[in-house]
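Student: Once you have looked at the hints, place chain B on chain W.
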Amino acid sequence: MQPTRTEGPDYYHKVVDCQWACPAHTPVPEYIRLIADGRYDDAYMINWKSNVFPGVLGRTCDRPCEPACRRGRVEDEPVAICRLKRVAADNKVDVMPLMPPVVAKRNGKRVALIGSGPASLTVARDLAPLGYELVLFDGEPRSGGMIRSQIPRFRLPEEVIDEEVGYVTRLPGVELRLGQRIDSLKALLAEGYDAVFVGSGAPRGRDLDIPGRKETAANVHIGIDWLSSVSFGHIEKIGRRVIVLGGGNTAMDCCRTSRRLGGEEVKVVVRSGFEEMKASPWEKEDAIHEDIPILNFRVPKAFTHENGRLTGVTFEIVRAEYDEKGRRNLVSSGEPDEHHECDDVLVAVGQENAFPWIERDIGLDFDRWDMPEVNPITFEATRKGVFFGGDAAFGPKNIIWAVAHGHDAAVSIHRHCMGEDVHDRPPPGFSLVSQKMGIHEWSYDNDISLDYRHRVPMLDKAAALKNVRVEVELGFDTRLGLAEAQRCLNCDVQTVFADDLCIECDACVDICPVDCITFTDDGEEPDLRQRLMAPALNLDQDLLVSGGLPTGRVMVKDEDVCLHCGLCAERCPTGAWDMQRFTLEMTHADQMGGAA
Amino acid sequence: MTYIAKPKLHHPALAPNALGFLRRDYEGSVSTLCAGCGHDSISSAIIQAAYELDLPPHRVAKLSGIGCSSKTPDYFLGNSHGFNTVHGRMPSVLTGANLANRELIYLGVSGDGDSASIGLGQFAHAIRRGVNMTYIVENNGVYGLTKGQFSATSDRGSKSKRGVVNHDSAIDMVSLALQLGATFVGRSFSGDKAQLVPLIKAAIRHPGPAFIDTLSPCVQFNNHAGSTKSYDYVREHNEAVNRLDVIADRKPIEVDYEPGTTISVTQHDGSVLSLHKLSEHYDPTDRIAALSYLAERQAAGEIVTGLLYVNPEPGDLHGALGTTDRPLNSLSDAELVPGQSALDQINAGLR
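Residue numbers (the numbering used here), protein chains in the order written: chain W, 1 to 596; chain B, 597 to 947.
One chain only, chain W, in its complex shape (with noise of 0.2 Å):
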């Protein structure tokens, strides 16, 4: 096969599976090494950085980096970065000086932000540096979105969130009105903004329209603007026996608060399987550990009532039959039905973006499920100036999506306002840097830790469950955060190997722990991928193949599970193999200068 071109960003970018996976980029393994070293506001401005809110997303992230981590795939189980993250949050001790300086000048632009959500602040967050005036409309009292309203604050306390919004908002040139909710786009354009941004949410919670809905309606309730009411501190109370219907993550912010609302028997029932329930794993496992058992196969077909007050829910049993295409059909397990009883319920079967508020007639076309026609990559509507961004874009998403579409919409922004052309974009920069500093030492511990994963120490459940506003993790201490640190296996510290000095010695392959190298003779990949040390069998990693050697054969690389321990390049006799860090510079609007 062809020898891999790995010139450009995208070769050793994608060999960084949780940089890779992570959509706003963020450098991990960087900001691991960082709280290995305690140093944590470095590791936290790395963070900032990419992801705007390292405290928040530190304890809320839907974590797309785990599954991809190299580790889950030579042991148990993956680093747990998300809470590595919340490690650097926690114990940096002051950011402030490190944060980007703003310049004093205004550019004179002026750009209005619909909604103070994680794509909001983010677009503010890049632009705010470059002189922009940025009008921030939200409906509610307090600014934040999403995460001051449907993240329950035993899982993010308020001052994590007042802290990281506070650091956009306090921003020179940045406006909040709170309070104000945008009831007409035509409206807004016609105040003569130089961009509009559309970062508003999915704010609308799925109903389920069963027999007895209307009857009911004094103790069924709409999951996340429960979850809202709870969060501004309109609701403190639930009654004893809940079932809360739905899978997803939201769902389980559903029962887990009610659990501390004197919810004492509180369950959780899903149409689907367990394991097809859309909340992240981890969520289900923390809820199952406050008691909260979640039923499934099981579809409401009525609220029962007596005297004009919920009684229970009834539930048809079903299964799940796979046509020939795989797709997955509940079918009528012929059971009979079930009935719960129960005194409330919170619906959280999910939620959409609505947009009442956009007239039809101001040339920003809307698609055939009358959602607006959104570019994914410049964000941009079909009209020209509006972009937009987060759950509004494409749909319900998680925070760290809101940032990744953010940054993007900033650089259309920030381009269209200085007459460029959108579709423009700067590619982003990156190098590979040899981390060698003497015959056997590298800059980075390679000495590889065999811990498994360390589980995050949670406060006592019975006083977890008092109060739903104590906050129910505790987070790894400086010890454990270290300790944790140290499972990282620094894919960004790159095996690179020079074809022109190997003399073929085999020392490599001799040494390397995973099976990894081997030197054999050219062949299409699918049949170099079975002839190797160990058979390359994911095919989502990359092969990295030389050109040929003297003998004849060529080098092949698989990268699936290298623990990139450097061994490679310390058994080597003529520094063919070499350590190189490989870093990637995204391109976000402030880093962009004056004039796009």
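Treat the hints as calculated values from the structure; they're not laboratory data.
It is possible that part of the hints are untrue.
[Stated by the list, open to error] Pulled from the structure, derived: some chain B residues nowhere near chain W, Cβ distances all over 10 Å: (1) 600; (2) 607; (3) 721; (4) 761; (5) 765; (6) 822; (7) 909; (8) 919; (9) 939.
[To be verified] Far from chain B, by Cβ distances over 12 Å, these chain W residues were calculated: (10) 71; (11) 73; (12) 74; (13) 207; (14) 459; (15) 571.
[As the list claims (entries may be wrong)] Pairs of lysine-lysine residues, derived as DSBU-like cross-links and limited to a Cα-Cα distance of at most 30 Å, are as follows: (16) 14/W <-> 873/B; (17) 14/W <-> 466/W; (18) 284/W <-> 105/W; (19) 667/B <-> 436/W; (20) 384/W <-> 105/W; (21) 284/W <-> 325/W; (22) 755/B <-> 436/W; (23) 384/W <-> 325/W; (24) 667/B <-> 743/B; (25) 602/B <-> 436/W; (26) 436/W <-> 873/B; (27) 301/W <-> 284/W; (28) 278/W <-> 397/W; (29) 461/W <-> 436/W; (30) 109/W <-> 92/W; (31) 186/W <-> 397/W; (32) 602/B <-> 14/W; (33) 436/W <-> 757/B; (34) 284/W <-> 237/W; (35) 237/W <-> 436/W; (36) 237/W <-> 466/W.
In this text, all values refer to a predicted model and were calculated from it rather than measured experimentally.
For each residue, glycine too, the CB sits at the ideal point set by N, CA and C.
Tutor: Then chain B, alone, in the frame of chain W:
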């Protein structure tokens, strides 16, 4: 050498052998040899061979002398018995151990200095006595530990790293082993595990004195132009006479090759060595022909590798001496001290 231990984490697809051990379980401590040393590849080949043969680690004894090569038993089979003996004296210590306990698998690891210079006499006598062992010489043609003087296996006319020409004749240990009566003789190259691993496996299975001369380039002192033991030189002049493909407990089914290109040798214990012939007329069971072929090719400047000679019906020292079948440490006092009447009988027999 390397400062960190090789991480215990291994490829998730590694399969256990019949004893439930992974290949990694046959490793030893991390090598302290120079980066790129051929000896490390030989250690790796021994590990692979022991894993594939399902050797119980506690039934193996590794013995060595002094030198870079003789350090290597620390780097493989970390759970086996080991004895790092005096310089050049490994063969006699191994002979003694073998006489005391014939049930262990003996692996003698030595170098060209240890076996062809200071220990040449020891080497010769262990081979001619027919000790059941696998004797591996890690041959780099240079005294690496003392900074690169020519060794007794350096070819006449080859150059040292500093350009000095060697005027002495080289000892060819393969020819020597054939003359002295080794019943299994092979030569291989540290950079060719596909050839080396099956050879080591066959040697371990061979119930007699088995000798393998393994060319093993010294990257530090003998891997330059003018050397005849460098990676490049050995690769250019390597003439493999055969490739040992399968070692099976019964005659394997041959499907891979044209008829007539495979030769099978059935050993005394029933194991079958299936050799793919690369040199048309080479017969590895003909000792005299092997000797003359080696001399001829050596004169032409070629390095002949492969399984050069095997006697399928070898004898060994225990057979010659008529020793007890059992290890000495398993004999009871009564057996070891049979008493006056037994002595009287022996004395009577000598009258």
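Student: Run every hint past the structure and note whether it holds.
Tutor: Hint check results:
With a least CB separation of 4 Å from chain W, residue 600/B falls inside the 10 Å interface cut-off, contrary to its annotation. Non-interface call for residue 607/B relative to chain W: violated, since the shortest CB-CB distance, roughly 4 Å, does not exceed 10 Å. For residue 721/B, the non-interface assignment is confirmed: its Cβ lies about 33 Å from the closest Cβ of chain W, beyond the 10 Å cut-off. Taking the minimum C-beta to C-beta distance to chain W, about 24 Å, the non-interface status of residue 761/B holds against the 10 Å cut.
Every Cβ of chain W is farther than 10 Å from the Cβ of residue 765/B; the closest lies at roughly 29 Å, confirming the non-interface assignment. For residue 822/B, the non-interface assignment is confirmed: its Cβ lies about 16 Å from the closest Cβ of chain W, beyond the 10 Å cut-off. With a minimum CB-CB distance of about 36 Å to chain W, residue 909/B clears the 10 Å threshold, and the non-interface call stands. Every Cβ of chain W is farther than 10 Å from the Cβ of residue 919/B; the closest lies at roughly 39 Å, confirming the non-interface assignment.
Against chain W, the non-interface label of residue 939/B holds: every CB pair exceeds 10 Å, the least being about 56 Å. Not every C-beta of chain B lies more than 12 Å from that of residue 71/W, the closest at about 9 Å, which undercuts listing it as non-interface. Distance check on residue 73/W: its Cβ comes as close as 7 Å (rounded) to a Cβ of chain B, failing to clear the 12 Å threshold; non-interface status is violated. Not every beta carbon of chain B lies more than 12 Å from that of residue 74/W, the smallest distance being close to 5 Å; the non-interface claim is violated.
Chain B leaves residue 207/W outside its interface by the beta-carbon criterion, the shortest separation being 46 Å against a cut-off of 12 Å. Taking the minimum C-beta to C-beta distance to chain B, about 34 Å, the non-interface status of residue 459/W holds against the 12 Å cut. For residue 571/W, the condition that its CB be more than 12 Å from all CB atoms of chain B is violated, with the nearest at approximately 5 Å. Among the hinted pairs, residue 14/W with residue 873/B is inconsistent with the structure: their alpha-carbon atoms are about 46 Å apart, more than 30 Å.
This hinted pair does not check out: residue 14/W and residue 466/W have alpha carbons roughly 45 Å apart, beyond 30 Å. Only pairs whose Cα atoms come within 30 Å are accepted, and residue 284/W paired with residue 105/W is rejected, the gap being roughly 50 Å. Among the hinted pairs, residue 667/B with residue 436/W is consistent with the structure: their alpha-carbon atoms are about 28 Å apart, no more than 30 Å. Using a Cα cut-off of 30 Å, the hinted pair residue 384/W and residue 105/W holds, with the two alpha carbons roughly 26 Å apart.
Of the pairs offered as hints, the one joining residue 284/W and residue 325/W holds, with about 29 Å between alpha carbons and a cut-off of 30 Å not exceeded. Pair hint residue 755/B plus residue 436/W does not hold up; C-alpha atoms about 33 Å apart against a cutoff of 30 Å. Of the pairs offered as hints, the one joining residue 384/W and residue 325/W is violated, with about 41 Å between alpha carbons and a cut-off of 30 Å exceeded. For a cut-off of 30 Å, the pair hint linking residue 667/B to residue 743/B stands: about 16 Å separates their Cα positions.
The suggested pairing of residue 602/B with residue 436/W holds, with an alpha-carbon distance near 18 Å, which does not exceed 30 Å. The hinted pair formed by residue 436/W and residue 873/B fails the criterion: a straight-line CA distance of about 47 Å is larger than 30 Å. The suggested pairing of residue 301/W with residue 284/W holds, with an alpha-carbon distance near 24 Å, which does not exceed 30 Å. Annotation: proposed proximity of residue 278/W to residue 397/W holds, straight-line Cα distance about 11 Å (limit 30 Å).
Simply put, residue 461/W and residue 436/W have alpha-carbon atoms about 48 Å apart, too far for the 30 Å limit, and the pair is violated. Simply put, residue 109/W and residue 92/W have alpha-carbon atoms about 35 Å apart, too far for the 30 Å limit, and the pair is violated. Only pairs whose Cα atoms come within 30 Å are accepted, and residue 186/W paired with residue 397/W is accepted, the gap being roughly 27 Å. The hinted pair formed by residue 602/B and residue 14/W meets the criterion: a straight-line CA distance of about 26 Å does not exceed 30 Å.
For a cut-off of 30 Å, the pair hint linking residue 436/W to residue 757/B stands: about 27 Å separates their Cα positions. A threshold of 30 Å between alpha carbons decides the hint, and for residue 284/W with residue 237/W the separation of about 23 Å falls inside it, so the pair holds. Simply put, residue 237/W and residue 436/W have alpha-carbon atoms about 61 Å apart, too far for the 30 Å limit, and the pair is violated. At most 30 Å may separate the alpha-carbon atoms for a hinted pair to count; residue 237/W and residue 466/W meet this at roughly 12 Å.
When each numbered hint is compared with the structure, violations occur for hints 1, 2, 10, 11, 12, 15, 16, 17, 18, 22, 23, 26, 29, 30, 35.
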